[in-house]
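Q: Listed here are the chains, written in short residue letters.
2 protein chains.
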Amino acid sequence: MNAQILSIGTELVLGQSLDTNSPWLSQQLAAIGIDCTRHVTVGDELDDIIAAIRLACDESDLVLITGGLGPTADDLTREALAAAMGVELVFRPECLEQIAAFFRERKREMHERNRVQAMIPDGATPIENTRGTAPGMRAKIGRAEVFVMPGVPAEMKVMFEGDVLPALRSIVDARGGAGGVIVQRTLRTLGMPESELGEKIVDLMARGRNPTVGTAAVDLVISIRINARASTPEEAAAIAERDATEIRKRLGAYVFGEDNDQVETAVARLLIEKKKTVATAESCTGGLVAKRLTDISGSSAYFLRGYVTYSNEAKSELLGVPMAMIDSHGAVSEPVARAMAEGCRRASGTDYALAVTGVAGPTGGTAQKPVGMVFVALAAADRTIVKELRLGESLLRGEIRDRSAKAVINLLRLELLKQNL
Amino acid sequence: MNAQILSIGTELVLGQSLDTNSPWLSQQLAAIGIDCTRHVTVGDELDDIIAAIRLACDESDLVLITGGLGPTADDLTREALAAAMGVELVFRPECLEQIAAFFRERKREMHERNRVQAMIPDGATPIENTRGTAPGMRAKIGRAEVFVMPGVPAEMKVMFEGDVLPALRSIVDARGGAGGVIVQRTLRTLGMPESELGEKIVDLMARGRNPTVGTAAVDLVISIRINARASTPEEAAAIAERDATEIRKRLGAYVFGEDNDQVETAVARLLIEKKKTVATAESCTGGLVAKRLTDISGSSAYFLRGYVTYSNEAKSELLGVPMAMIDSHGAVSEPVARAMAEGCRRASGTDYALAVTGVAGPTGGTAQKPVGMVFVALAAADRTIVKELRLGESLLRGEIRDRSAKAVINLLRLELLKQNL
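Residue numbers (the numbering used here), protein chains in the order written: chain A, 13 to 433; chain B, 13 to 433.
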């Protein structure tokens with residue numbers, strides 16, 4: 013069973029609002045084993061909406077539509093659905109009564125304009141809206157089951173969960189099950205380039221396998237998505253688990269977590285488990301490393317303090333970096349990164365200290381020290397590690413800072429795992 | 013001239029990632045007078061991509077495609093474009109050389125797998141990717157001009173602005189210009205509730221006006237969008253300017269900037285103009301205030317240092333907050349916020365110091381000090397201001413931290429403007 017999702021709204025197609033309904037609905041469908049093959053967004057134009065409904069109904073077993081049900085003149089989904097069904101709109105008194113009740117309960121007067129929301133295509137079934145005024149609709153066009161919901165996310169979600177989802181379950185059951193359910197797993201990796209990673213799992217990414225395995229890269233983190241299909245959630249989870257285990261075996265410590273994990277989530281777990289503490293000394297990241305380490309609730313168990321030593325005086329005064337060293341090597345240098353980390357650890361009395369100094373740009377780069385040159389350092393009781401990053405002059409300031417922060421936190425993760433990659 | 017935008021990626025159609033490229037591209041098109049009529053998202057399935065390209069090219073003058081250009085087996089946009097054009101992929105040595113140069117500059121080895129990214133449909137023109145490895149492509153299918161760009165937003169945006177946009181301007185000019193342009197202005201405000209703000213500009217928000225005026229609230233910041241339509245950019249800009257001036261007059265210092273300005277952008281401008289310096293002392297925001305103040309290139313002119321005093325020892329040792337004060341009032345209290353700001357200013361020798369202490373949650377709240385209770389403070393030469401925020405227990409940790417950081421930076425903005433709101 014496959015599905016398409018249509019979202020209607022000029023503000024969406026002009027890019028003035030982000031369509032969060034379609035991704036949410038896709039996830040809900042996947043959870044009950046229905047594949048979504050396409051999202052389509054069109055503006056509040058009658059012909060465009062009719063064409064989109066017809067095309068989707070030609071190609072799919074299920075069509076979910078959101079938006080265009082409001083009371084104003086630019087809300088045309090009711091008319092478009094009627095046209096795609098080849099029927100007229102008819103007045104449904106029970107819908108008007110629900111709309112009137114909605115206003116009564118809120119002690120507000122119903123506007124005459126809201127009457128239009130009680131007009132439903134002949135042969136369609138209205139769906140009550142408990143959170144707003146626009147009723148939803150259910151219809152059948154050709155082989156396609158069609159559900160229309162309001163565009164306001166809060167109204168849509170309640171209607172989907174309360175009415176549409178149970179209806180979908182019945183449809184799936186009546187068809188003898190959906191070809192099962194899909195279970196999603198996502199492994200998150202840091203440090204291995206996407207092409208090399210792809211090479212290592214190329215056989216698992218082959219098309220037509222179950223599970224399907226795909227990769228997506230965002231700001232240094234490469235996510236590996238595993239989608240497993242089976243007739244029960246348990247079976248699907250077992251199939252996904254098999255590939256997850258194999259991928260973890262092949263990629264080792266490059267995998268830092270799952271789903272929405274950040275590298276600092278993994279570090280937090282390890283620090284808490286090992287009862288270790290950390291402090292930070294930052295120049296170019298300007299507090300971002302500390303911010304990430306404290307994004308996690310309960311971070312006071314391992315994060316004690318951070319220094320944002322943006323000026324050279326601050327580096328010297330707070331971390332004891334000798335001014336002569338800064339003068340001779342420059343603030344962006346291996347020795348200064350090392351001295352920052354060691355000075356931070358000493359001043360803070362923590363088990364570990366992290367330090368970052370670099371050229372975040374876009375200005376301030378030189379031939380010897382170009383934008384994107386960053387030194388990240390980790391001081392531990394027995395050793396200090398300094399790593400030079402060359403992040404590339406084409407990156408934006410925010411990207412250089414973000415990647416530097418991830419890289420230095422990853423240093424600590426690997427130290428806690430006692431792994432060098 | 014009308015356009016459609018296709019985005020390719022199984023992670024998008026399954027709802028695992030949000031498509032932010034299509035809305036961004038729609039906005040760019042609107043700015044040069046090209047109407048976008050449809051967004052379509054399909055997964056990494058060859059037949060689906062081919063069908064989507066063909067349909068879009070049948071219906072539109074312009075088709076923009078993002079995604080599916082990576083080096084791995086599930087990246088199929090190159091093949092699909094070739095199939096839709098009815099041609100073969102051919103190897104382009106100049107593309108491979110650009111990809112190789114990309115790796116060389118970053119001192120990384122190019123992987124054999126990246127070679128596939130130099131395969132381009134016969135007759136298509138490659139577009140250099142200065143931010144990543146996947147070249148873009150330009151082609152013509154029937155009457156439609158087709159541009160293909162990478163799915164990674166940072167790569168896509170640079171390619172769009174550098175190559176695609178100039179090409180689109182030429183196409184529009186060659187066709188004798190578009191049917192009018194839309195100029196967007198966005199005023200950004202902080203501190204006035206949306207309902208009160210809406211009341212103040214209700215007449216400007218009336219439907220059917222040109223420009224149209226709308227509001228959108230995200231994390232305390234309320235943006236006011238002005239969309240003006242006219243036959244030339246100058247005319248449209250003048251229409252937008254009229255409303256922008258009127259709104260600024262009505263809202264005064266609540267307006268902190270335009271477009272993508274953050275409150276720290278406004279503060280940076282004021283600090284540089286007045287040649288003043290600032291330091292930070294943060295507890296619950298964990299470095300976020302320093303991070304925001306240093307998001308801006310050139311921030312070393314005004315930002316000297318920051319303290320992330322997460323532990324009580326750090327507050328006492330680094331900022332001189334008396335331990336007895338922390339014991340009697342608690343770390344989240346008016347006197348501690350005041351002492352943090354004053355101690356930070358003293359230790360840093362800056363003109364201003366900002367301090368934040370609060371309960372970011374989700375754990376750690378009590379009846380007296382619930383989650384969302386935050387004290388923000390500003391120390392200046394002549395006075396210290398402390399403000400208590402009650403951000404509400406329903407907010408996420410990240411939201412509480414984000415809003416606290418914005419609020420304390422806004423304190424400094426108003427101090428620099430000598431305004432109390």
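Keep in mind the hints are simulated off the structure, nothing from the lab.
Just so you know, not all the hints are guaranteed correct.
Chain copies aren't distinguished; within one or between two, either way the pair holds.
Mimicking DMTMM-like on lysine to aspartate or glutamate, the simulated pairs with C-alpha atoms at most 20 Å apart in a straight line are [unchecked claim]:
{"hint": "1", "residue 1": "Lys-288", "residue 2": "Asp-394"}
{"hint": "2", "residue 1": "Lys-430", "residue 2": "Asp-339"}
{"hint": "3", "residue 1": "Lys-261", "residue 2": "Glu-106"}
{"hint": "4", "residue 1": "Lys-152", "residue 2": "Glu-100"}
{"hint": "5", "residue 1": "Lys-119", "residue 2": "Asp-70"}
{"hint": "6", "residue 1": "Lys-169", "residue 2": "Asp-134"}
{"hint": "7", "residue 1": "Lys-261", "residue 2": "Glu-124"}
{"hint": "8", "residue 1": "Lys-430", "residue 2": "Glu-167"}
{"hint": "9", "residue 1": "Lys-152", "residue 2": "Glu-247"}
{"hint": "10", "residue 1": "Lys-119", "residue 2": "Glu-270"}
{"hint": "11", "residue 1": "Lys-399", "residue 2": "Asp-273"}
{"hint": "12", "residue 1": "Lys-212", "residue 2": "Glu-121"}
{"hint": "13", "residue 1": "Lys-261", "residue 2": "Glu-211"}
{"hint": "14", "residue 1": "Lys-212", "residue 2": "Glu-124"}
{"hint": "15", "residue 1": "Lys-152", "residue 2": "Glu-91"}
{"hint": "16", "residue 1": "Lys-381", "residue 2": "Glu-167"}
Q: Give a verdict on every hint.
A: Consistency of the hints with the structure:
no.	hint	verdict
1	Lys-288 - Asp-394	within (14 Å within a copy, 42 Å between copies)
2	Lys-430 - Asp-339	neither (35 Å within a copy, 39 Å between copies)
3	Lys-261 - Glu-106	neither (55 Å within a copy, 38 Å between copies)
4	Lys-152 - Glu-100	within (15 Å within a copy, 41 Å between copies)
5	Lys-119 - Asp-70	neither (44 Å within a copy, 51 Å between copies)
6	Lys-169 - Asp-134	neither (25 Å within a copy, 46 Å between copies)
7	Lys-261 - Glu-124	neither (60 Å within a copy, 23 Å between copies)
8	Lys-430 - Glu-167	neither (42 Å within a copy, 35 Å between copies)
9	Lys-152 - Glu-247	neither (33 Å within a copy, 47 Å between copies)
10	Lys-119 - Glu-270	neither (39 Å within a copy, 29 Å between copies)
11	Lys-399 - Asp-273	neither (24 Å within a copy, 34 Å between copies)
12	Lys-212 - Glu-121	between (59 Å within a copy, 16 Å between copies)
13	Lys-261 - Glu-211	within (14 Å within a copy, 60 Å between copies)
14	Lys-212 - Glu-124	between (61 Å within a copy, 12 Å between copies)
15	Lys-152 - Glu-91	within (15 Å within a copy, 36 Å between copies)
16	Lys-381 - Glu-167	neither (45 Å within a copy, 24 Å between copies)
Figure legend: structure checked against the earlier numbered hints; hints not met, in rising order: 2, 3, 5, 6, 7, 8, 9, 10, 11, 16.
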